[in-house]
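Using my numbering, read the sequence shown as starting at 36 and increasing by one per residue.
Please keep in mind that the hints were generated in silico from the structure rather than gathered at the bench. Glycine included, every Cβ here is placed at the ideal spot set by N, Cα and C. Each hint should be verified, as a subset may be incorrect.
The calculated label-pair distances, taken between Cβ atoms and stated as ranges, are [said to hold, decoys possible]:
1. Gly148 with Ser56: 16 to 22 Å
2. Lys38 with Gly82: 39 to 45 Å
3. Glu85 with Asp155: 15 to 21 Å
4. Tyr55 with Arg93: 16 to 22 Å
5. Thr83 with Asp39: 36 to 42 Å
6. Asp155 with Gly103: 16 to 22 Å
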Amino acid sequence: MAKDITPVTHPTAAPPTGSYSAALVWNDLVFVSGQGPIDARGEIVAGTIESETELTLRNIETLLIAAGSGLDRVLKCTCYLADIADFDRFDAVYRRVFAGHLPARTTVGAALGGIRIEIDAIACAASRSPGD
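Please work from the sequences and hints to get the whole structure.
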C-alpha cells in the first residue's frame, strides 16, 4: 500500500468479510467500505430496518472515530437496501443520526445476502471539516 494511504482498524469494529480494508485515510479524506449490521465478532445482527440501520451507522462511526473523524464530517454515503420499500423507515433513522448535517447520499435497492442494509461513506479527515 502507498505510504500516504493509511488503513484504519478498531478492535470493536466489525471485521471485514472479504479482501478489503474496512477504511482508509488518504490526504484529508476517510473512505469507509460498505458496513452492515455486523457485530465485533463478525456476526449478523438481524432485526428491523431501523435497528440494522442504527448498528450500520454506529459501525461507520466507530471507524471514523478511529480515523480521527466523525459522523459530522461525512460528505457522502451510498446506501443499499435489500427492500426499497423500507426506505422511509431507514430514512427516519438516518435523518436522526445525521441530525443537523445531512451528507450527500445515493440510495439503491440491492441483493444483500441476509442483511437489510449496507452503507459506505466518504468523510473529511480530522485536519479539515466540510465547511473549511
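Verification of the hints:
1. Gly148 with Ser56: 16 to 22 Å: Roughly 20 Å apart at Cβ, these two residues keep to the hinted range, so it holds.
2. Lys38 with Gly82: 39 to 45 Å: 41 Å, holds
3. Glu85 with Asp155: 15 to 21 Å: 20 Å, holds
4. Tyr55 with Arg93: 16 to 22 Å: With Cβ atoms ~20 Å apart, the hint holds.
5. Thr83 with Asp39: 36 to 42 Å: 41 Å, holds
6. Asp155 with Gly103: 16 to 22 Å: Distance hint for Asp155, Gly103 holds at roughly 19 Å.
The structure meets every hint from the earlier list without exception.
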